[in-house]
Amino acid sequence: METTEKDILRGGQFLVKETKCEDVFTLEDLNEEQKMMRESTKEFVDRELWAHWERFEKKDYAYTEECMRKAGELGLLSVAVPEAYGGMGMGFVSTMLVCDYISGATGSFSTAFGAHTGIGTMPITLYGTEEQKQKYVPKLATGEWFGAYCLTEPGAGSDANSGKTKAVLSDDGKYYSITGQKMWISNAGFCNMFIVFARIEDDKNITGFIVENDPENGISFGDEEKKLGIHSSSTRQVFFNDTKVPVENMLSERGNGFKIAMNALNVGRIKLAAACLEAQRRVINEATKYANERIQFKTPIMNFGAIKAKIADMATNAYVDEAACYRAAKNIEDRIAIREASGNSHQEAELKGVEEYAIECSILKVAVSEHVQHTTDEGIQVFGGMGFSADTPMESAWRDARISRIYEGTNEINRMLSVGMLVKKAMKGHVDLLGPATAVGEELMGIPSFDTPDFSELLAEEKDLLARLKKVFLMVAGSAVQKFGPDLEKHQMLLMAASDILIQIYMAESAILRTEKNAKRFGEEAQATQIAMSKLYLYRAVDIIQQKAKEGIVSFAEGDEQRMMLMGLKRFTKYTNQPNVVALRTQIADKVAADNGYTFD
1 METTEKDILR GGQFLVKETK CEDVFTLEDL NEEQKMMRES TKEFVDRELW
51 AHWERFEKKD YAYTEECMRK AGELGLLSVA VPEAYGGMGM GFVSTMLVCD
101 YISGATGSFS TAFGAHTGIG TMPITLYGTE EQKQKYVPKL ATGEWFGAYC
151 LTEPGAGSDA NSGKTKAVLS DDGKYYSITG QKMWISNAGF CNMFIVFARI
201 EDDKNITGFI VENDPENGIS FGDEEKKLGI HSSSTRQVFF NDTKVPVENM
251 LSERGNGFKI AMNALNVGRI KLAAACLEAQ RRVINEATKY ANERIQFKTP
301 IMNFGAIKAK IADMATNAYV DEAACYRAAK NIEDRIAIRE ASGNSHQEAE
351 LKGVEEYAIE CSILKVAVSE HVQHTTDEGI QVFGGMGFSA DTPMESAWRD
401 ARISRIYEGT NEINRMLSVG MLVKKAMKGH VDLLGPATAV GEELMGIPSF
451 DTPDFSELLA EEKDLLARLK KVFLMVAGSA VQKFGPDLEK HQMLLMAASD
501 ILIQIYMAES AILRTEKNAK RFGEEAQATQ IAMSKLYLYR AVDIIQQKAK
551 EGIVSFAEGD EQRMMLMGLK RFTKYTNQPN VVALRTQIAD KVAADNGYTF
601 D
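With the numbering used here, the residue at position 214 of the sequence shown is 214, and numbering never jumps.
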């Protein structure tokens with residue numbers, strides 16, 4: 001059945017409209033071609049990356065480059081590139097899938113891969129002229145050339161539009177001279193081409209350029225950076241000194257650079273979330289095998305409740321993250337298809353499709369990068385002293401995970417963006433927050449229902465609770481918007497608290513919908529562990545939402561209003577039947593232990 005505009009929710013609407021489980025895409029929906037792609041990607045990773053993980057820790061930049069070339073030969077660098085430019089032209093879900101499964105063995109390679117396929121190639125496919133695309137994209141798709149992306153400067157990090165790099169038009173109007181310093185440039189050591197952002201005259205916004213890497217054209221490099229993790233990802237400063245760039249190499253139009261940078265980051269954010277999934281699975285697999293084999297007090301340590309709790313939480317996070325990532329990826333793919341069907345070019349359709357779900361992209365970036373950090377940390381703990389040793393891959397996984405909370409926009413920036421974008425969408429009338437927020441306000445004034453609901457259907461209580469958690473967000477965010485209006489963005493601590501509520505709702509709902517969909521088609525018994533994971537995650541989400549909502553309420557409301565909202569919070573977060581958390585964790589851990597690893601993907 002063809003997806004129509006009315007069938008799929010717009011970005012951010014998950015908060016105010018019910019999503020049916022039949023309408024979400026899950027990993028269990030992959031078609032045969034996608035499953036084959038996944039298997040061949042995993043084979044490549046096991047053979048070239050995982051088997052040699054120690055080489056990446058020894059700053060073997062040449063090996064990273066060699067693996068990138070091999071990935072190019074296998075077509076893995078070209079999945080997102082349209083067929084017209086030598087790529088596979090695969091849908092958004094398939095590109096997520098490759099990004100997911102190629103990124104689990106080492107952060108060094110996944111950074112090189114992401115920087116090349118994402119921010120190195122994609123700006124040209126999405127914003128380039130036909131001539132630019134024909135000239136550069138086929139070389140980038142095969143790995144004949146590698147790309148890099150020069151946005152960050154010593155004085156311009158999160159405030160990306162404040163860059164000082166200058167582009168000056170020559171007297172004959174044929175080229176721009178670019179002068180400036182860029183830092184933290186991934187792939188700088190072996191790339192053939194840069195996407196460079198510079199300012200023309202005193203323009204308000206920066207402009208993008210395609211710059212070929214020619215050392216005789218005023219391009220020089222700093223030494224390889226010494227970094228906490230991603231040791232074999234080439235990261236250098238790049239200096240441009242009167243680097244001449246033909247005018248036809250301007251990307252899009254003058255002053256459009258900030259827009260290009262922001263849209264590239266939207267795609268980068270959801271792809272970064274995908275890149276943290278397989279890392280979690282592999283850490284869980286290693287930790288589980290170790291816990292099953294390590295004997296202490298005459299029994300495998302996996303039999304201890306303290307270890308089971310860790311394994312259960314790690315597996316739960318991975319399952320939830322998969323659910324949310326692939327749900328959003330399919331939404332984007334469907335939105336692209338709708339736009340193409342209505343006459344948009346592929347470029348326009350993809351840009352607008354991703355932009356539509358910018359809120360979800362920010363949510364995923366934050367949630368999944370924090371989960372992978374927690375998972376690698378607990379992985380070290382399961383290994384104990386051996387986890388702290390560089391002879392096992394746990395400590396490198398932990399160090400590599402740390403960057404994911406910083407790049408593609410820090411998690412703090414993304415937290416504030418997710419709520420800020422939602423409020424903007426509401427102002428534009430794209431998401432009706434005002435109506436539901438007003439209804440919640442009226443509900444707070446009314447008398448609560450004391451009827452006992454019918455929770456006999458699977459996950460009925462969880463779905464009822466989710467609907468009420470959405471009311472918590474509407475109550476807190478609605479009151480904050482009323483109180484501060486456009487000044488809300490100055491109240492960063494409140495935005496951060498609101499975003500944590502938003503994030504937990506999206507992640508918990510995604511897991512519940514995935515499980516409900518699969519229980520309907522594979523039977524409840526087959527999904528017993530997935531049901532337990534969905535319930536456990538929701539229980540933890542409720543705790544976070546209670547804490548963050550309370551923090552917000554007591555900080556901006558006073559007197560009767562504060563008392564009423566705190567009572568509402570209690571009402572909206574109340575379980576009728578509390579889950580048995582220890583039993584849920586035990587059930588999940590026992591399944592992972594029996595399978596000797598994570599088997600839910």
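Hints listed in this document are in silico derivations from the structure and should not be mistaken for laboratory results.
Worth double-checking, as some hints may not be accurate.
Within a straight-line C-alpha distance of at most 30 angstroms, the following computed DSSO-like cross-link-like pairs (lysine-lysine) qualify [said to hold, decoys possible]:
(1) Lys164 / Lys174
(2) Lys490 / Lys425
(3) Lys135 / Lys174
(4) Lys428 / Lys520
(5) Lys259 / Lys289
(6) Lys463 / Lys289
(7) Lys166 / Lys226
(8) Lys428 / Lys20
(9) Lys133 / Lys164
(10) Lys135 / Lys166
(11) Lys133 / Lys204
(12) Lys574 / Lys17
(13) Lys244 / Lys259
(14) Lys289 / Lys550
(15) Lys42 / Lys59
(16) Lys42 / Lys70
(17) Lys289 / Lys174
(18) Lys174 / Lys42
(19) Lys166 / Lys70
(20) Lys226 / Lys58
(21) Lys139 / Lys289
(22) Lys174 / Lys70
(23) Lys428 / Lys483
(24) Lys352 / Lys17
(25) Lys226 / Lys164
(26) Lys139 / Lys244
(27) Lys17 / Lys166
(28) Lys490 / Lys550
(29) Lys17 / Lys570
(30) Lys520 / Lys463
(31) Lys164 / Lys490
(32) Lys591 / Lys17
(33) Lys428 / Lys17
(34) Lys166 / Lys58
(35) Lys424 / Lys520
(36) Lys204 / Lys17
(37) Lys59 / Lys20
Computed from a prediction, not measured in an experiment: that's the story for all the values here.
Next item on the list: Assess, step by step, whether the Cα of Lys135 is no farther than 30 angstroms from the Cα of Lys174, and give holds or violated.
Entry: Roughly 19 angstroms between the alpha carbons, so the hint for Lys135 and Lys174 holds.
Margin query: Holds or violated: Lys135 and Lys166, Cα atoms, limit 30 angstroms.
Written below: holds, 25 angstroms
Check: Does the structure keep Lys164 and Lys490 at a Cα separation of 30 angstroms or less?
Finding: Holds. Lys164 to Lys490 sits at ~25 angstroms (cutoff 30 angstroms).
Check: Hey, Lys17 versus Lys570, does the alpha-carbon distance stay inside 30 angstroms?
Finding: At roughly 23 angstroms apart (the allowed maximum being 30 angstroms), Lys570 and Lys17 satisfy the hint.
Margin query: Need the status of pair Lys133, Lys204: alpha-carbon distance at most 30 angstroms?
Written below: holds, 27 angstroms
Notebook entry, point to check: CA of Lys174 to CA of Lys42, is that 30 angstroms or under?
Noted result: Distance ~47 angstroms between Lys174 and Lys42 Cα, so the pair is violated.
Check: For the pair supplied as a hint, Lys139 and Lys244, is the alpha-carbon distance within the 30 angstroms limit?
Finding: holds, 22 angstroms
Notebook entry, point to check: Holds or violated: Lys352 with Lys17, Cα cutoff 30 angstroms?
Noted result: Since the Cα atoms of Lys352 and Lys17 sit roughly 21 angstroms apart, the hinted pair holds (cutoff 30 angstroms).
Next item on the list: Assess, step by step, whether the Cα of Lys139 is no farther than 30 angstroms from the Cα of Lys289, and give holds or violated.
Entry: Distance of about 42 angstroms is beyond 30 angstroms: violated.
Check: Is Lys490 close enough to Lys550, meaning Cα to Cα at most 30 angstroms?
Finding: holds, 20 angstroms
Check: Hey, Lys59 versus Lys20, does the alpha-carbon distance stay inside 30 angstroms?
Finding: With a Cα-Cα distance of about 48 angstroms, the restraint between Lys59 and Lys20 is violated, given a limit of 30 angstroms.
Check: Given the hint that Lys226 pairs with Lys164, does the C-alpha gap stay at or below 30 angstroms?
Finding: holds, 25 angstroms
In terms of the numbered hints stated before, the structure departs from hints 4, 5, 6, 14, 17, 18, 19, 21, 22, 27, 32, 34, 35, 36, 37, listed from lowest to highest.
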